[in-house]
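Number of protein chains: 2
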Amino acid sequence: MILINGEPGMAIRAQDRGLLLGDGLFETLRVQAGRPQLWRYHWQRLTQGLNRLGFPELAEGQLLEEIARVGGNADCMVRLTVTRGEGPRGYAPPENPTVTRIVSGGPALEMPKPKSIRSLTLGWADVPIGINPALAGLKHTSRLEHVLARRSWRSGWDEAILCDALGRVVSATQGNLWLRRGQKLITPPVRESGIAGTRRAWVLDHAADFGFEGVEAYPDPAEVRGADALYVSNARIGMTPANLAEADKAVPAWQDDPLYPMGIALHEAD
Amino acid sequence: MILINGEPGMAIRAQDRGLLLGDGLFETLRVQAGRPQLWRYHWQRLTQGLNRLGFPELAEGQLLEEIARVGGNADCMVRLTVTRGEGPRGYAPPENPTVTRIVSGGPALEMPKPKSIRSLTLGWADVPIGINPALAGLKHTSRLEHVLARRSWRSGWDEAILCDALGRVVSATQGNLWLRRGQKLITPPVRESGIAGTRRAWVLDHAADFGFEGVEAYPDPAEVRGADALYVSNARIGMTPANLAEADKAVPAWQDDPLYPMGIALHEAD
Chain A
165 MILINGEPGM AIRAQDRGLL LGDGLFETLR VQAGRPQLWR YHWQRLTQGL
215 NRLGFPELAE GQLLEEIARV GGNADCMVRL TVTRGEGPRG YAPPENPTVT
265 RIVSGGPALE MPKPKSIRSL TLGWADVPIG INPALAGLKH TSRLEHVLAR
315 RSWRSGWDEA ILCDALGRVV SATQGNLWLR RGQKLITPPV RESGIAGTRR
365 AWVLDHAADF GFEGVEAYPD PAEVRGADAL YVSNARIGMT PANLAEADKA
415 VPAWQDDPLY PMGIALHEAD
Chain B
165 MILINGEPGM AIRAQDRGLL LGDGLFETLR VQAGRPQLWR YHWQRLTQGL
215 NRLGFPELAE GQLLEEIARV GGNADCMVRL TVTRGEGPRG YAPPENPTVT
265 RIVSGGPALE MPKPKSIRSL TLGWADVPIG INPALAGLKH TSRLEHVLAR
315 RSWRSGWDEA ILCDALGRVV SATQGNLWLR RGQKLITPPV RESGIAGTRR
365 AWVLDHAADF GFEGVEAYPD PAEVRGADAL YVSNARIGMT PANLAEADKA
415 VPAWQDDPLY PMGIALHEAD
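Chains A and B are the protein sequences, given in the same order.
The C-terminal residue of the first sequence carries number 434 in the working numbering, and the numbering is unbroken.
The C-terminal residue of the second sequence carries number 434 in the working numbering, and the numbering is unbroken.
By construction, these hints were calculated from the structure, which means they are not laboratory data.
Computed from a predicted structure; not experimentally measured.
A hint or two may mislead.
Sample of chain A residues with no beta-carbon within 12 angstroms of chain B, all distances over it, derived [said to hold, decoys possible]:
#  : residue
1  : Met174
2  : Trp207
3  : Thr211
4  : Asn237
5  : Arg253
6  : Gly294
7  : Val379
8  : Ala393
9  : Ala411
10 : Asp412
11 : Tyr424
12 : Ile428
13 : Leu430
Computed Cβ-Cβ distance ranges for the label pairs, DEER-style [stated by the list, open to error]:
#  : chain 1 : residue 1 : chain 2 : residue 2 : range
14 : A       : Asp412    : B       : Arg253    : 28 to 38 angstroms
15 : A       : Gly218    : B       : Leu222    : 51 to 61 angstroms
16 : B       : Gly236    : A       : Pro385    : 51 to 61 angstroms
17 : B       : Glu224    : A       : Pro258    : 31 to 41 angstroms
18 : A       : Gly236    : B       : Glu274    : 48 to 58 angstroms
19 : B       : Glu380    : A       : Arg177    : 32 to 42 angstroms
20 : A       : Arg253    : B       : Glu432    : 17 to 27 angstroms
21 : A       : Glu432    : B       : Glu224    : 47 to 57 angstroms
22 : A       : Pro172    : B       : Thr262    : 21 to 31 angstroms
Just so you know, even glycine gets a beta-carbon here, dropped at the ideal spot from N, CA and C.
Assemble the whole structure, with the sequences as input and the hints as a guide.
Okay, structure coming up:
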């Protein structure tokens, strides 16, 4: 089911700026029994994005109601997309845009049992991610860089590390990247590029509860290779261990990982 | 009139990757009596883009026929948009995409008489443009950076200069930027960011015919300020003189500008 501005539908106007210019934002929500997990993190990122792009405010209750209608009672992923709607041709946005809201559900999702989660095999994407402080952090729909990065994955990879145009390690392709070094849990900043993941924000907020120190810093590739462990986080997989494809390193079972208690807590957080 | 995959229509499927991810390309064509001006430049850029993004080839004759149907006999701007079509959710593109072609016309265009063209007032956009060699040059639909740059224009500006994240002058917001210094006609490269404009390509190809040397180089802001003259080029305005909003410099009438003969030739080129 897809709701477009609250009405079931399948079609968007061909003049929508989301289509013509990538002028939109989205959220990928893990919905359980109609309720999006970590909603307050999604809502905060979305409202920051609306504000930075100059979109009008949205009614939170209306969005939650639409998400619940689409999500139903199954555990599934729901995508919420908000575009600047229609406008005159050209980059100039209309002064008082009427946004387009699209809420679409995916197939019911069998969440893997935490104990059965296996380590992701990580490559290095050979497509750089642009640096732009004005867009950094936002989950906007101008995502062609990520599409190209995803296209660059080689056979056998489950994920790939993205670097920016200056060679700094930024993230995974479909989630945020984490390095563990002792009790430090390091993730690249999202002020110049990358996406401010909701699970990333939750982990930074809660790392101390589990005896870790959350740190935002650019690791260089050698530090990635030398980390005690690597992880990728996103709404679908939570926090998942990862291992470099190039490494010949055994990775302990997830339930033996020092981060496992936090992974379980994130899995169950709402 | 809008043609979607050759059929008159107004609606795009809500799962189109052009809408969800900015996964598309476009061309803005000045069409005269059904024929796009400088089509071979547009077609070359489009086919390069299709190739770099991994889209299937398009039939040139079919596109030209659709452009003619939409353009009719008036002088108007036509936008051709090509997206990767529908696919499974997520960044991963489908292996064999079926692209969506959208050809849409604008209102008939009264082209200004070359002699009546007045100088554009140029500001400096305060939003940087990301650096990404994989996307540089392409006229793709992930254009949120340009939307933000356009939004940053101040009152009284007709255009604004964009710089990249390293502070290098890249282009105007809606066209390419040119500096004249003696017989040199300088425009920034488009290998790391920016769009390879069709008029830009034509000018580089033809500058020597008019006694100028076309040069691709990054000017620093001081060189922009110290240039003998500035110009902006795009499909709608051709090559148009420009003047910095901050400058207190008289700009000669266009017909007294050394570039006027080339401007006229570009205006009439096909």
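Hints versus structure:
{"no.": "1", "hint": "Met174", "result": "6 angstroms, violated"}
{"no.": "2", "hint": "Trp207", "result": "20 angstroms, holds"}
{"no.": "3", "hint": "Thr211", "result": "17 angstroms, holds"}
{"no.": "4", "hint": "Asn237", "result": "20 angstroms, holds"}
{"no.": "5", "hint": "Arg253", "result": "6 angstroms, violated"}
{"no.": "6", "hint": "Gly294", "result": "2 angstroms, violated"}
{"no.": "7", "hint": "Val379", "result": "24 angstroms, holds"}
{"no.": "8", "hint": "Ala393", "result": "25 angstroms, holds"}
{"no.": "9", "hint": "Ala411", "result": "24 angstroms, holds"}
{"no.": "10", "hint": "Asp412", "result": "27 angstroms, holds"}
{"no.": "11", "hint": "Tyr424", "result": "26 angstroms, holds"}
{"no.": "12", "hint": "Ile428", "result": "25 angstroms, holds"}
{"no.": "13", "hint": "Leu430", "result": "21 angstroms, holds"}
{"no.": "14", "hint": "Asp412(A) / Arg253(B): 28 to 38 angstroms", "result": "34 angstroms, holds"}
{"no.": "15", "hint": "Gly218(A) / Leu222(B): 51 to 61 angstroms", "result": "34 angstroms, violated"}
{"no.": "16", "hint": "Gly236(B) / Pro385(A): 51 to 61 angstroms", "result": "56 angstroms, holds"}
{"no.": "17", "hint": "Glu224(B) / Pro258(A): 31 to 41 angstroms", "result": "34 angstroms, holds"}
{"no.": "18", "hint": "Gly236(A) / Glu274(B): 48 to 58 angstroms", "result": "54 angstroms, holds"}
{"no.": "19", "hint": "Glu380(B) / Arg177(A): 32 to 42 angstroms", "result": "39 angstroms, holds"}
{"no.": "20", "hint": "Arg253(A) / Glu432(B): 17 to 27 angstroms", "result": "24 angstroms, holds"}
{"no.": "21", "hint": "Glu432(A) / Glu224(B): 47 to 57 angstroms", "result": "56 angstroms, holds"}
{"no.": "22", "hint": "Pro172(A) / Thr262(B): 21 to 31 angstroms", "result": "24 angstroms, holds"}
When the structure is compared with the earlier hints, violations turn up for hints 1, 5, 6, 15 and for no others.
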